[in-house]
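Novice: Sequence:
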Amino acid sequence: MSRVCRRIRTRGRFFWYDVYMDDQVSPQPICLNCRVLLELVDLSGAVEPREFAIVTAKQADFKSGLLDENTPLGQLLLGRHAGESIPYPVGDLKEVRIQAVQAGAGSISSEAAVKRRAAVQKAADQSEITNQMIFATASGSKWGDYDVDVDKLLKDE
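Residue numbers for the sequence shown follow the numbering used here, so the first one is 1 and each next one is one higher.
Honestly, the hints are just simulated from the structure, not real lab data. Don't take each hint at face value.
Dumping the calculated PhoX-like pairs for lysine-lysine here, alpha-carbon to alpha-carbon at most 20 angstroms [as the list claims (entries may be wrong)]:
#1 63 / 115
#2 94 / 58
#3 122 / 58
#4 63 / 122
Derived CB-CB ranges, DEER-like [what the hints assert, rightly or not]:
#5 37 / 122: 27 to 35 angstroms
#6 44 / 135: 44 to 52 angstroms
#7 31 / 94: 45 to 53 angstroms
#8 151 / 117: 18 to 26 angstroms
#9 72 / 104: 20 to 28 angstroms
#10 151 / 48: 13 to 21 angstroms
#11 99 / 70: 16 to 24 angstroms
#12 31 / 137: 47 to 55 angstroms
#13 133 / 78: 42 to 50 angstroms
#14 49 / 133: 43 to 51 angstroms
#15 70 / 115: 17 to 25 angstroms
Note that the Cβ used here is the ideal one computed from N, Cα and C, for glycine as well.
Make the full structure from the sequences, and use the hints.
Specialist: As structure tokens, then:
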């Protein structure tokens, strides 16, 4: 392992830190649509292996392994290489170790984004029903009776 010094800019200030790299690493940097195998190291030293594909915000779905390039972790990974260990003091994590990088992992399926949009729409519909029910119970005393047409609210458009 060789030590490489890196400089990052945070809130207008520059910080130097050490990055340890294998001498036999691939020169492929992490970029959009790359698949990345990581080890997340917490404060107790426990290691959690994770695999992500770096994608745009529209495609992102963390549970499905699609990491948004604009998240703090996504921004930290972009431009890095396999073999790097990077300090990442967020929550109970202290370090991220990049194990492997696979460039152009093919087109990322938009199925996860479609599922996410459907879940968001379902939550919005449920919220609208709840708001209508609250209004119906509160309005009866001031404006007269108000009946909620739940079937109309649930109808797919």
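Novice: Please list, smallest to largest, the hint numbers that this structure does not respect.
Specialist: 2, 7 and 10
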